[in-house]
Amino acid sequence: MPTENLVLRTVYVDPDIDDQLREEALAKQVSKADLFRTYLVAGIKAVKLQPNLFKVEGARGGPALVLRTVHMDPKLDEKLRVEAFDSRTSKNDLMRRYVRIGMSQQDASTTRAVRPSKRSANKREPVLG
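Numbering (this note's numbering), first residue to last: 1 to 129.
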């Protein structure tokens with residue numbers, strides 16, 4: 001993707017999302033940034049069709065976030081800035097939520113099961129007894 005008309009944005013994403021983006025990027029042989037942009041736009045479109053999707057809040061106090069840098073269309077960046085200001089939230093949080101929604105919509109449309117990330121798969125449940 002040519003970057004001459006794009007703006008560079010740095011976003012903190014959930015580690016499980018970053019893991020899923022990496023696995024899918026490797027499988028599809030595309031960049032994580034391309035997938036991020038695809039899922040961001042898909043999430044925005046999904047929320048326009050079903051506004052109740054956006055009402056689900058992410059877990060607070062979860063794992064540390066991962067830093068991700070992507071080039072994006074300046075018009076989309078401006079739209080996100082205005083929406084973040086109007087909703088009194090950070091643009092980072094808004095983008096994170098849209099990407100998660102976009103990925104979940106893609107998962108639902110392809111009917112593939114959501115795989116646990118490598119990080120969450122390594123966590124062990126305590127044995128009671």
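Don't take every hint at face value.
Claimed, not checked - With a Cα cut of at most 25 Å, we get these calculated BS3-like pairs of lysine-lysine:
1) Lys55 <-> Lys45
2) Lys32 <-> Lys75
3) Lys45 <-> Lys79
4) Lys45 <-> Lys28
5) Lys32 <-> Lys79
6) Lys91 <-> Lys48
7) Lys55 <-> Lys79
8) Lys45 <-> Lys91
9) Lys75 <-> Lys91
10) Lys55 <-> Lys28
11) Lys48 <-> Lys79
Said to hold, decoys possible - So the derived label-pair ranges between C-beta atoms look like this:
12) Ser90 <-> Gln29: 29 to 37 Å
13) Pro15 <-> Ala108: 15 to 23 Å
14) Lys28 <-> Ala108: 14 to 22 Å
15) Val66 <-> Lys45: 34 to 42 Å
16) Arg88 <-> Pro15: 24 to 32 Å
17) Gln29 <-> Phe85: 32 to 40 Å
18) Val82 <-> Ala27: 33 to 41 Å
19) Gln29 <-> Ser87: 16 to 24 Å
20) Leu49 <-> Arg81: 21 to 29 Å
21) Leu8 <-> Gln29: 18 to 26 Å
22) Lys45 <-> Pro74: 13 to 21 Å
Just so you know, these hints were derived from the structure itself, not from any lab.
Backbone N, C-alpha and C fix where the C-beta goes; we use that ideal spot for every residue, glycine too.
Going down the list of hints, with the structure as the test:
1. Of the pairs offered as hints, the one joining Lys55 and Lys45 holds, with about 15 Å between alpha carbons and a cut-off of 25 Å not exceeded.
2. At roughly 21 Å between alpha-carbon atoms, Lys32 and Lys75 fall within 25 Å of each other, so this suggested pair holds.
3. Restraint check for Lys45 and Lys79: the C-alpha separation of about 13 Å stays at or below 25 Å, so the hint holds.
4. Pair hint Lys45 plus Lys28 holds up; C-alpha atoms about 22 Å apart against a cutoff of 25 Å.
5. The straight-line distance between the Cα atoms of Lys32 and Lys79 is roughly 22 Å, inside the 25 Å bound, and the hint therefore holds.
6. Restraint check for Lys91 and Lys48: satisfied, since their Cα atoms lie roughly 17 Å apart, inside the 25 Å limit.
7. Proximity of Lys55 to Lys79 is assessed by CA-CA distance (about 19 Å); at most 25 Å being required, the pair is judged to hold.
8. The straight-line distance between the Cα atoms of Lys45 and Lys91 is roughly 17 Å, inside the 25 Å bound, and the hint therefore holds.
9. Our distance criterion of 25 Å between C-alpha atoms is met by Lys75 and Lys91, whose separation comes to about 14 Å.
10. Simply put, Lys55 and Lys28 have alpha-carbon atoms about 31 Å apart, too far for the 25 Å limit, and the pair is violated.
11. Of the supplied pair hints, the one linking Lys48 and Lys79 holds, its CA atoms being roughly 14 Å apart against a limit of 25 Å.
12. Look at Ser90 against Gln29: about 32 Å separates their beta carbons, and that is inside 29 to 37 Å.
13. Checked against the given bound of 15 to 23 Å, the beta carbons of Pro15 and Ala108, roughly 22 Å apart, stay inside it.
14. A hinted range of 14 to 22 Å for the beta carbons of Lys28 and Ala108 is consistent with their spacing of about 18 Å.
15. A C-beta distance of roughly 25 Å is found between Val66 and Lys45, which places it outside the suggested range of 34 to 42 Å.
16. A C-beta distance of roughly 26 Å is found between Arg88 and Pro15, which places it inside the suggested range of 24 to 32 Å.
17. Hint check: Gln29 to Phe85, Cβ distance near 37 Å, so the stated range 32 to 40 Å holds.
18. At roughly 35 Å, the beta-carbon separation of Val82 and Ala27 lies within the given 33 to 41 Å, and the hint holds.
19. The given range of 16 to 24 Å is broken by Gln29 and Ser87, whose C-beta atoms sit roughly 36 Å from each other.
20. Leu49 and Arg81 have their C-beta atoms about 23 Å apart, which keeps the hinted 21 to 29 Å range intact.
21. Between Leu8 and Gln29, the C-beta spacing of about 23 Å keeps the proposed range 18 to 26 Å intact.
22. Between Lys45 and Pro74 the CB atoms are about 19 Å apart, so this pair conforms to the stated range of 13 to 21 Å.
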